[in-house]
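Protein chains in written order, with the working numbering: chain A, 1 to 505; chain B, 1 to 323; chain C, 1 to 320; chain D, 1 to 320.
Among the clues, some could well be false.
[As the list claims (entries may be wrong)] Lysine-lysine pairs mimicking DSBU-like chemistry, simulated, CA-CA at most 30 Å apart:
id : chain 1 : residue 1 : chain 2 : residue 2
1  : B       : K87       : B       : K59
2  : B       : K174      : C       : K126
3  : D       : K126      : A       : K342
4  : A       : K342      : C       : K126
5  : C       : K272      : D       : K306
6  : D       : K306      : C       : K126
7  : D       : K126      : B       : K33
8  : C       : K126      : B       : K188
9  : A       : K342      : C       : K272
10 : D       : K306      : B       : K87
11 : B       : K214      : C       : K306
Hint data in this document are derived by calculation from the structure and do not stem from the laboratory.
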Amino acid sequence: MSDASGPLLEVRGLVKDYPGVRALGGVDLTVTSGQVHCLIGQNGAGKSTLIKCVSGLVEPTAGEVRFEGDLLPVGDPNASIARGIATIYQELDLVPHLSVANNVFLGHEHKRGPLLNRAAMHRETKALFARLGDEGISPTAEVSTLRPAQQQVVSMARALSHSAKLLILDEPSAVLDDVEVEALFGVVRRLTAEGVGVIWISHRLGEVGQLGDVVTVLKEGRTVATELPPDTPVDTLIRHMVGGRMEALFPDRGPSRDTTVLEVRGLTRTPDVVDASFTLREGEILGLAGLVGSGRTELLRLIYGLDPVQSGEVEVGGRRLPPGRPDLAIRAGLGLAPEERKSEGLWLDWSMVRNTSIADLSRFRRGPFTDLASERRDAARHLRSLNTQPDAPERAARLFSGGNQQKAVLARWLLRSCRVLLLDEPTRGVDVGARSEIYRVIADLAANGIGIVMVSSELAELLGFCHRVLVMREGHIVDELDGATSTEEDVLQSAVPVHHTTKAG
Amino acid sequence: TEEAQQPEQPQEPAGQQNTQAQQPGGVSGRPVKVAFSAPGADHGWLKAITDNARTAADKLEVELILTEGTNDSAAQVSQVESLISQKPDVLVILPHEGGPLTPVAQKAMQSGIPVVNVDREFSTPAAYRTWIGGDNYGIGKSAADLIANELNCQGNVVEIQGVAGISVTEQRTKGFTDGIKRCNGGIKIVASQPGDFLPDKGLQVMETMLQGQKDIKAVYTHDDDMAMGAVQAIRAANREDEMFITGAGGSKDAMNLIAEGGLYRATFLYNPSMSGSAVSLAKLIAERKGLSELVEPEVPSYIELPATTVTKDNVASVQQLGY
Amino acid sequence: MAVDTDTTAVDARGRLRQVPVQELVLPIVIIALIIVGVIIRPGVFLTSDNLLNVLTQASITGIIAIGMTFVIATGGIDLSVGSALAAASIAGGLLMPYGSWMFMIGALAMALLIGAINGAAIVWGKVVPFIATLAMLTIARGLALWMAERTPISLIELDILQWFGSGRVLGIPVPALIFVIVAVVGWVVLNRTTFGRRAVAVGGNRSAARIAGIRPGRVIFAVYVLTGLCVGISAILLSGRLASASPVVGNLVELDAIAAVVIGGTALTGGKATVTGTFFGVITFGLIFNLLNLLNMPTEIQGVVKGLLILVAVALQRRD
Amino acid sequence: MAVDTDTTAVDARGRLRQVPVQELVLPIVIIALIIVGVIIRPGVFLTSDNLLNVLTQASITGIIAIGMTFVIATGGIDLSVGSALAAASIAGGLLMPYGSWMFMIGALAMALLIGAINGAAIVWGKVVPFIATLAMLTIARGLALWMAERTPISLIELDILQWFGSGRVLGIPVPALIFVIVAVVGWVVLNRTTFGRRAVAVGGNRSAARIAGIRPGRVIFAVYVLTGLCVGISAILLSGRLASASPVVGNLVELDAIAAVVIGGTALTGGKATVTGTFFGVITFGLIFNLLNLLNMPTEIQGVVKGLLILVAVALQRRD
Ligand SMILES: Nc1ncnc2c1ncn2[C@@H]1O[C@H](COP(=O)(O)OP(=O)(O)OP(=O)(O)O)[C@@H](O)[C@H]1O
Ligand SMILES: Nc1ncnc2c1ncn2[C@@H]1O[C@H](COP(=O)(O)OP(=O)(O)OP(=O)(O)O)[C@@H](O)[C@H]1O
Ligand SMILES: [Mg+2]
Ligand SMILES: [Mg+2]
């Protein structure tokens, strides 16, 4: 039946309408066995929707999907899985309190009679991890105890457990650091060598050239360019994505002032963060580099008072912060844009206005009441100043793209006019266009004298516009580099432990 | 352990008492041990039940094990089982529901523990040695008589029932409907709703009935506490003069209102003193005595207390019985 | 009472979202019930007297449901309100010899205390709300029975208290009036104060709330105390209405209150709350009770009909 | 009954998590209760008779709690079990003239039907479980009263049925035996079958479950039917024990069952379930009830003590 010479996957005229939104407006896509097909596009371009239509999670409004020449039934995840389409979704898709092995084989468990064959599932899970080059994860561990990167590996193992012919990865690199991304590349290359077709979605355009065989660009639910060669210049890709020229990705570094605004002394919470000390000046952008799990997020949380510290202290503008009190940290002038935007940063069902005003509600208090009009006005002003698109501040945050959601979090701290902003992976999952806007916003804030601490797993952006970069390794701050003059090599040299063989904790 | 407790009388294990011939003195040497199981005491009447049992036990120098539970037959069965395992001389049971508690009572009887059944009757006489209780059917009947007389067999009546589905409620309803039959339709029950023996529910139900029925001559309720809620509803609607109300049980508050005269016309004794009597009976049974005033040497197997009608005329004489 | 959320109900392309339909379901159900009432009991059902009666009856559960809306907004639940109602009545009843005002102080104090203990057990004892308040359900009922020595306390001498229960202002029964006032205040607090916003924020995303500088523990504690306050008010009205404090009142009030809140559209998972919806939910239940009673349906049929009506009302509201 | 999940309790860095302590709390509470029992009622409490009595008493609620564990695992709740118990008993009772086996078929059929309607209302009617089963609570009770014409049905003639209620096998009461069997089967189903894993998966992350090709609707429907089955079994044992079918039994069984499940460690939010915990939770409640009764405590004190014990037991289990 299957046509060996034809394409593996053929998508024709795919349309998907959500109530009020056309997510896909007639997309065509062809994927061949043994190739990595990169899918890029701005936030909200429809990439995830497209692959969900292929994987059967979403029923398209119109259009057809052919796999190995056969028409694929729509809206039936099982049919897609059975035919060999394995998908790793953008949102982590694991069940937190089940074991790793149970997650890997969820929905297609091995059985012995009526009972689960746990031995077989453990054995095969181990084998899958070996294939992925990550043997540090126990098949019996509860998924909720794993780090995001490890969870990503579990998702991969699950995809591979289906003996897939087509592997779809939706922004797999977002939660990984450069070292882990490199390992993932290895896995993908091995699979393509075995003849598996791969769809790779990413906002890191550099990956296209490193890994891809062909590139398709989506824009506003349509294919604007397809079958581009992987060596297409990044500029060209960006032009296709945003539909015009883009200014320089990184803004210029402004001068930083001499006044110290944040001082961290000996902050410790073993084993995640040990004896971290640094100072931050007004108007300075300080980058925090390190591998995943090196303790950057934890350091920000400790500074902000979200987790109890074992020792050490934090001073903002010369005043010591009481530990464990984020509310007082905010009052002292701190702000945090957390790493997990959706689960820790936003109320997705709330309007952008409410998401913006939440940290400074008392500002709008008139007598006992909240002045909704001035709340709306002020919040909308700050959202607009960040060029939030679309300009509909009363709309629920859920309906905005990742980058624009991130802007709501930033607008929150603009409104609160804080002195120090702690940004944890502010561009994760954000498209290039929005990224450069966020960089600009950060640079503007710094120019206004706000101190910025920015955690990122993308060295390019840290080196692109940070004044200084601190490198963390296994909970320690091990190096301090000058942002303008250092190279990615320099950072990696300090970040990667000497004995770095596997990624396991 | 049992032998150890009564070394003086090894020839008389407790388990055969009720089958043996009368023997004065019974278990001499130690007080009679009576176990009493009542449903959850969440109502004034049930509180009086347990209070009276305790008082009687003190007076009679009986060792009383009294348990109360929830209003759930299954839970009460469990309680009774616990009580049986404590080997009392006599078991007194006021069942939440008669039928469901029957097997466990029968089990007690079979294992040689005589059972005194209070109030709600077991479904077979084999499950008790003696039954003592009020007359639920009689309450309905007496209420019907009183209302029929006062209204000359003419007019609309509403009924506020107890908890639907339990024998107390159903018998009080049946007695009433049977009772008014003699008026040949002159008295009509225009509305009948359960108030679950709860004052707040009684209030709500009465309020709504007052909306629905523009002409009510009398209100028949299954319980004094619940009737208090209904009284409030009638007062708030300013319709005290149009109708009168009757309760059941014999609470202090009800008797006070009856003594005042007016709206609260009557109540019908369902006297919680029956639990005290039950304890006395238990003692007599354990000691294998009869009721002293009767000729028969043994305790009768069925004692029904009359549903005495309490009105303004006789309230003074029974007021001390109010709970 | 206007619309509760101030997000517009218009989507990206300007079309109306389906939300308004959901929000209209209860009013439609209420109108339907009224029409049915008019047809089957003409001249009885649609009288101002009867409608005020519905409102008055609904007030006891209703006031509690307003408080419950805040609890549920934070993702919690309060199963203890029914017993707390009884315990508060009895606590007031014990102070009966000192007059109506002391009664009220006693009732409010007990209700607030119970709310505070609930809150403390949940926030500092880290017991999940369902269990903490279930335990309190048992405790408060025991307390009420114990304090009252199991018998009702007559309050027939407390005139002021009885005025709260059965007085009228401009022809409107006081409990109904107070219920409406509590609902309006509740609406304002939920939608127009920082506290209300924070309660919903904590329910919607607790860790985001912490990061935004809200102290979730305090907010959660406060909503249980607030519910306690509502229970206290209800206890005053109920005792005034009954002219007695009884330890057995309030049975299953918790389920009625929660059902009204949820039917109104507040999500049990927290993060989404509407006082208007709760108000309509309470009225819906009140009308159902009223109608079934006016029709003098037997209990068993009432149970079946009420259950079916709940199912239908909620199924109509389901999201697409 | 061993440990429930097959996840190790060791975190990424090899540290022991605190979970084991939590899992040990209930056994410790149980042992403490037994010690207290031995001290205050020596010679009465610790007899095999009394302990079997505790197990037998616990069996009715316990069997239902096992089913409830699955419902709660999916993030649902079933408030209708108490009334369903009554309705099932009565449905069986109506078939009483045809003998014990027909009784059982009738009871099981009614219980399964109620479970299926719950499941259908939740899955296809899209009514939230709390409301759907609350409506069913009302409906099933009405149905029970209606079918029974408000009076209990005597089953004194059904010997086989009564054997199920009060017979013994090797000295062990049949209900206790069946409870243990149901618990063991429940444990196996939860931890060793695809269905169990899927129920937990649906509760833990519904979209992840969908992605994995599981159809959440089916699983959710199935857990309510499963609970119906448990209710049916309970109804048979209960009716056998009482030798009568009564329309008013089962009052508040739902709260006891849910409390046992939650105290056992199953999360009300779904996604985490333990049958062992439920079993211990049921036993804990059984012991508390038994002890308070052996001490002849008045109802009100029982309420207070029981509530406080629940609070303490759960507060001890709190995380970190
Ligand atoms: N469930 C949904 N309901 C309504 N609209 C949706 C839904 N899912 C996606 N959309 C809309 O469809 C469009 C395409 O979204 P999609 O998630 O496919 O974008 P994407 O290219 O994957 O973006 P990103 O890079 O941010 O992941 C967006 O406008 C989004 O708002
Ligand atoms: N869910 C978890 N369970 C156990 N340990 C964790 C978990 N999350 C993080 N850790 C540990 O905490 C330490 C600090 O992690 P942290 O998240 O601060 O690092 P990070 O550099 O920000 O990495 P990431 O990019 O993953 O956020 C790591 O060593 C990691 O192993
Ligand atoms: Mg996407
Ligand atoms: Mg991090």
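Status of the hints after comparison with the structure:
Taking the CA atoms of K87(B) and K59(B), the gap is near 22 Å; set against the 30 Å cutoff, the hint holds. This hinted pair does not check out: K174(B) and K126(C) have alpha carbons roughly 52 Å apart, beyond 30 Å. For the proposed pair K126(D) and K342(A), the alpha carbon gap of about 26 Å is at most 30 Å, so the pair holds. For the hint pairing K342(A) with K126(C), the CA-to-CA distance comes to about 25 Å; that is within 30 Å, so the pair holds.
Our distance criterion of 30 Å between C-alpha atoms is broken by K272(C) and K306(D), whose separation comes to about 34 Å. For the suggested pair K306(D) and K126(C), the alpha carbons sit about 19 Å apart, so the restraint of at most 30 Å is met. With a C-alpha separation of about 58 Å, the suggested pairing of K126(D) with K33(B) is violated against the 30 Å cut-off. With a C-alpha separation of about 58 Å, the suggested pair K126(C) and K188(B) falls outside the 30 Å cut-off, and the hint is violated.
Between K342(A) and K272(C) the alpha-carbon distance is near 17 Å, which keeps this suggested pair within the 30 Å criterion. The suggested pairing of K306(D) with K87(B) holds, with an alpha-carbon distance near 26 Å, which does not exceed 30 Å. Using a Cα cut-off of 30 Å, the hinted pair K214(B) and K306(C) holds, with the two alpha carbons roughly 25 Å apart.
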